[in-house]
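Chemist: What follows is the residue order along each chain.
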Amino acid sequence: MSQEVPIVRNVLEANDRLSDELNKKFRVKKILCLNLMSSPGAGKTTLLERTLTDLKDEFRMAVIEGDLQTDNDAQRVAATGAQAVQINTEGGCHLDSGMVMDALKSIDTEGLDILFVENVGNLVCPAEFNVGEDYKVTLLSVAEGDDKPEKYPFMFHISAVMLLNKVDLLPYVDFDLDKAKAHATKLNKDIKVMPISARTGENMEAWYEWLREKRAEKL
Amino acid sequence: MHEMSIVESILGILREEMVKHDGKRLKKVTIRNGRLAGVVTEALEFAWEALIPGGEFDGAELEVIEVPVKVTCGECGEEFSPEHNRCMPCPKCDALLGHKVLEGKELLIDSIEVDDQL
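So the protein lines, in turn, are chains A and B. Throughout the first sequence, residue numbering follows this note's numbering, covering 25 to 243 in sequence. Throughout the second sequence, residue numbering follows this note's numbering, covering 10 to 127 in sequence.
Some hints could be false.
Said to hold, decoys possible - Okay, derived cross-link-like pairs now, EDC-like style, lysine to aspartate or glutamate, Cα gap no bigger than 20 Å in a straight line:
1) K48/A / E174/A
2) K33/B / E28/A
3) K210/A / E92/B
4) K54/A / D192/A
5) K210/A / D125/B
6) K213/A / D125/B
7) K114/B / E73/A
8) K175/A / D137/A
9) K37/B / E92/B
10) K53/A / E174/A
11) K175/A / D119/B
12) K29/B / E37/A
13) K109/B / D214/A
14) K114/B / E25/B
15) K114/B / E174/A
16) K37/B / D103/B
17) K48/A / E134/A
18) K213/A / E84/B
19) K37/B / D126/A
20) K49/A / D132/A
21) K210/A / E54/B
22) K36/B / D137/A
23) K53/A / E114/A
24) K29/B / E28/A
25) K114/B / E241/A
Claimed, not checked - Rough simulated footprint, nothing fancy, chain A against chain B, three-plus residues with beta-carbon under 8 Å:
26) 19-28
27) 57-64
Hints in this document: simulated from the structure, not taken from any laboratory. Bear in mind that the values here come from a model prediction, so they are computed numbers and not experimental data. Idealized CB from N, CA, C, for every residue including glycine.
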């Protein structure tokens, strides 16, 4: 005999449960966890290299690196002296909480201040899966076009920060900072917009100040 | 293409529910997909067709109900269903920002149809 059974369960509940568990762990250990997202080539790894180097004496930091293939980025990050663990998703377009939980086993979290999760380069799917983070940070480079917030609204809608990277290239590209900012703010009135250049170091202090503030709030 | 991993999550829940309800064979599953959930119905159906054959749920039908967006205006409290997902002017006061989403963000397994025989 066949019967219809009402279920009403959230499809992503397994991921959300793991994400809550991770978030609780970070709260107890007073670790600020950031989910860093962008399209490929926007400069996530360069941002991390400079941040990890510049704040080396201030914070203990670690990075979980997500990529489809290779450990190139993890090697670059590890060269700064920070702990780095690579996750290869083998074609998967985003990281989920289970992957982060596994990777965390290889990180010494004692005394850790900040954990960066560098998500797979992709402006769509990473936004759908929480990984235990306190905040989502989206990096958009000026080489990509100022209409990205408009085209990929969900990511900008849920991010606390939009870093506008590669501003040193502004003279060479058609990118309207105000337009990008206006689009992002339309989607999310609380989003913090910070124009930076991770390559030249321009305006990185604004980003560091935000990190210091959010880290202090976890204590 | 995160619909593939979404179908994997659905299968995990279905396995639990089959045990819970003592079902031998899954005939059908109904999903409610909100227009703001970021999941493409066609891609979900494609992933289902790709993952189901040959497995424990072989032959099971997937029905996806698309749930329209419903919001309350952040300014005047008017409830409305916006025409677009991105730009949502309030029909009463024209406000664009601060709306609260009431419906349309959900991605739920609504119900299943099970057989107690194989």
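Chemist: If a hint holds in the structure, say so; if it doesn't, say that too.
Modeler: Results for each hint:
no.: 1; hint: K48/A / E174/A; in the structure: 33 Å, violated
no.: 2; hint: K33/B / E28/A; in the structure: 13 Å, holds
no.: 3; hint: K210/A / E92/B; in the structure: 17 Å, holds
no.: 4; hint: K54/A / D192/A; in the structure: 35 Å, violated
no.: 5; hint: K210/A / D125/B; in the structure: 52 Å, violated
no.: 6; hint: K213/A / D125/B; in the structure: 52 Å, violated
no.: 7; hint: K114/B / E73/A; in the structure: 36 Å, violated
no.: 8; hint: K175/A / D137/A; in the structure: 34 Å, violated
no.: 9; hint: K37/B / E92/B; in the structure: 31 Å, violated
no.: 10; hint: K53/A / E174/A; in the structure: 37 Å, violated
no.: 11; hint: K175/A / D119/B; in the structure: 30 Å, violated
no.: 12; hint: K29/B / E37/A; in the structure: 17 Å, holds
no.: 13; hint: K109/B / D214/A; in the structure: 15 Å, holds
no.: 14; hint: K114/B / E25/B; in the structure: 24 Å, violated
no.: 15; hint: K114/B / E174/A; in the structure: 19 Å, holds
no.: 16; hint: K37/B / D103/B; in the structure: 43 Å, violated
no.: 17; hint: K48/A / E134/A; in the structure: 15 Å, holds
no.: 18; hint: K213/A / E84/B; in the structure: 14 Å, holds
no.: 19; hint: K37/B / D126/A; in the structure: 34 Å, violated
no.: 20; hint: K49/A / D132/A; in the structure: 13 Å, holds
no.: 21; hint: K210/A / E54/B; in the structure: 33 Å, violated
no.: 22; hint: K36/B / D137/A; in the structure: 50 Å, violated
no.: 23; hint: K53/A / E114/A; in the structure: 31 Å, violated
no.: 24; hint: K29/B / E28/A; in the structure: 13 Å, holds
no.: 25; hint: K114/B / E241/A; in the structure: 30 Å, violated
no.: 26; hint: 19-28; in the structure: holds (count 4)
no.: 27; hint: 57-64; in the structure: violated (count 0)
In the structure shown, a violation is registered for the earlier hints numbered 1, 4, 5, 6, 7, 8, 9, 10, 11, 14, 16, 19, 21, 22, 23, 25, 27, in ascending order.
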